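Numbering (our numbering), first residue to last: 73 to 318.
Source of the hints: derived by calculation from the structure; they are not laboratory data. Since this is a predicted model, take the numbers as computed values, not measurements. Please note that the accuracy of each hint is not assured.
[Claimed, not checked] Label pairs and their in silico Cβ distance ranges:
no.: 1; residue 1: Leu144; residue 2: Thr300; range: 39 to 47 Å
no.: 2; residue 1: Phe224; residue 2: Gln186; range: 27 to 35 Å
no.: 3; residue 1: Lys197; residue 2: Leu110; range: 34 to 42 Å
no.: 4; residue 1: Phe169; residue 2: Lys270; range: 39 to 47 Å
no.: 5; residue 1: Asn141; residue 2: Asn250; range: 27 to 35 Å
[Unchecked claim] DSS-like cross-link-like pairs, simulated, lysine-lysine; straight-line CA separation at most 25 Å:
no.: 6; residue 1: Lys263; residue 2: Lys241
no.: 7; residue 1: Lys153; residue 2: Lys139
no.: 8; residue 1: Lys255; residue 2: Lys270
no.: 9; residue 1: Lys311; residue 2: Lys284
no.: 10; residue 1: Lys133; residue 2: Lys117
no.: 11; residue 1: Lys166; residue 2: Lys213
no.: 12; residue 1: Lys242; residue 2: Lys284
no.: 13; residue 1: Lys307; residue 2: Lys295
no.: 14; residue 1: Lys270; residue 2: Lys242
no.: 15; residue 1: Lys132; residue 2: Lys180
no.: 16; residue 1: Lys213; residue 2: Lys197
no.: 17; residue 1: Lys153; residue 2: Lys180
no.: 18; residue 1: Lys268; residue 2: Lys213
no.: 19; residue 1: Lys268; residue 2: Lys295
no.: 20; residue 1: Lys197; residue 2: Lys132
no.: 21; residue 1: Lys153; residue 2: Lys118
no.: 22; residue 1: Lys227; residue 2: Lys197
no.: 23; residue 1: Lys133; residue 2: Lys180
no.: 24; residue 1: Lys270; residue 2: Lys307
no.: 25; residue 1: Lys255; residue 2: Lys268
no.: 26; residue 1: Lys268; residue 2: Lys307
no.: 27; residue 1: Lys305; residue 2: Lys268
no.: 28; residue 1: Lys305; residue 2: Lys295
no.: 29; residue 1: Lys270; residue 2: Lys284
no.: 30; residue 1: Lys118; residue 2: Lys180
no.: 31; residue 1: Lys213; residue 2: Lys126
no.: 32; residue 1: Lys213; residue 2: Lys180
Glycine included, C-beta positions come from ideal geometry on N, C-alpha and C.
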Amino acid sequence: MAFQMLTKCRIFKNILNTKCPINIRSNCFHISTVHCDLMEFFDNKKNWAVEQVKVGRSWKKDELRIKSNEDLHKLWFVLLKERNMLLTMEHECKAQFELFPNPERIDKVDESMQNLETVVRERNKAYYDLEVGECGERPGKLVTNLLGVNFFYRKFEHLIPKFLNSNWKKRHTHNVVNGNIEKFQKLYREKLHNTKRKSNNRDRNHVMHLMKRFPNLDMDAVKQQYPTVDIEKIKNYHKVRGHYVP
Numbered sequence: 073m074a075f076q077m078l079t080k081c082r083i084f085k086n087i088l089n090t091k092c093p094i095n096i097r098s099n100c101f102h103i104s105t106v107h108c109d110l111m112e113f114f115d116n117k118k119n120w121a122v123e124q125v126k127v128g129r130s131w132k133k134d135e136l137r138i139k140s141n142e143d144l145h146k147l148w149f150v151l152l153k154e155r156n157m158l159l160t161m162e163h164e165c166k167a168q169f170e171l172f173p174n175p176e177r178i179d180k181v182d183e184s185m186q187n188l189e190t191v192v193r194e195r196n197k198a199y200y201d202l203e204v205g206e207c208g209e210r211p212g213k214l215v216t217n218l219l220g221v222n223f224f225y226r227k228f229e230h231l232i233p234k235f236l237n238s239n240w241k242k243r244h245t246h247n248v249v250n251g252n253i254e255k256f257q258k259l260y261r262e263k264l265h266n267t268k269r270k271s272n273n274r275d276r277n278h279v280m281h282l283m284k285r286f287p288n289l290d291m292d293a294v295k296q297q298y299p300t301v302d303i304e305k306i307k308n309y310h311k312v313r314g315h316y317v318p
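With these hints in hand, go ahead and build the complete structure from the sequences.
Below is the structure:
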């Protein structure tokens, strides 16, 4: 053991005394030249000032499910580094008034990271359901805000207990009911109802106009595209009758 440590120390001494980069590998460790500078946040120089960069597609969930946890952990940091590089290049191109090639690369990286996070959540949930008997996600509950609108509040840990945390109580006021909130809720529901009613009327009038112009219209396709419209009911409307002999 002492001889192995002495050999490794001699290897490090030779590396420090040498001026050219050397890649040395051993059974238990390996050393390579590392470049930790700001250029890691920029794309390869051959991709600068080009209009098109050849890229692949994003990672799919089925492809990520067959990988090990270690591979997913490594892939996450690869995608994180790639996203930081793309965002830096996009910002620099805007500052220099240059064209950023393939801006969809950012969307592909984001989609890959979302799929990877989904796969990790699936494994974490399956593990906790099997070992603990409950979901491993952060707990939460459905509450209402100051406007009476429901939303899902995710709980998190605090250093101060809830009954002593006055700042938290001021910023988080849930499930409050009074006359003003009830009046606002009535007006809000009325607005949502009117919006939905106008949307249904627009779809119905559009279908009636199509049936008037095109007598041989494919009704199955119309029902699939406009499911809220009652085709059988509007067939007898006078607005549907066209200027042609039936």
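Structure-based check of each hint:
no. : hint                        : in the structure
1   : Leu144 / Thr300: 39 to 47 Å : holds (43 Å)
2   : Phe224 / Gln186: 27 to 35 Å : violated (19 Å)
3   : Lys197 / Leu110: 34 to 42 Å : holds (39 Å)
4   : Phe169 / Lys270: 39 to 47 Å : holds (44 Å)
5   : Asn141 / Asn250: 27 to 35 Å : violated (50 Å)
6   : Lys263 / Lys241             : violated (31 Å)
7   : Lys153 / Lys139             : holds (20 Å)
8   : Lys255 / Lys270             : holds (23 Å)
9   : Lys311 / Lys284             : holds (7 Å)
10  : Lys133 / Lys117             : violated (32 Å)
11  : Lys166 / Lys213             : violated (43 Å)
12  : Lys242 / Lys284             : violated (60 Å)
13  : Lys307 / Lys295             : holds (13 Å)
14  : Lys270 / Lys242             : violated (40 Å)
15  : Lys132 / Lys180             : holds (10 Å)
16  : Lys213 / Lys197             : holds (18 Å)
17  : Lys153 / Lys180             : holds (14 Å)
18  : Lys268 / Lys213             : violated (28 Å)
19  : Lys268 / Lys295             : holds (18 Å)
20  : Lys197 / Lys132             : holds (20 Å)
21  : Lys153 / Lys118             : holds (19 Å)
22  : Lys227 / Lys197             : holds (17 Å)
23  : Lys133 / Lys180             : holds (13 Å)
24  : Lys270 / Lys307             : holds (20 Å)
25  : Lys255 / Lys268             : holds (20 Å)
26  : Lys268 / Lys307             : holds (22 Å)
27  : Lys305 / Lys268             : holds (19 Å)
28  : Lys305 / Lys295             : holds (13 Å)
29  : Lys270 / Lys284             : holds (21 Å)
30  : Lys118 / Lys180             : holds (21 Å)
31  : Lys213 / Lys126             : violated (46 Å)
32  : Lys213 / Lys180             : violated (33 Å)
Checked against the numbered hints above, the structure breaks hints 2, 5, 6, 10, 11, 12, 14, 18, 31, 32 and satisfies the rest.
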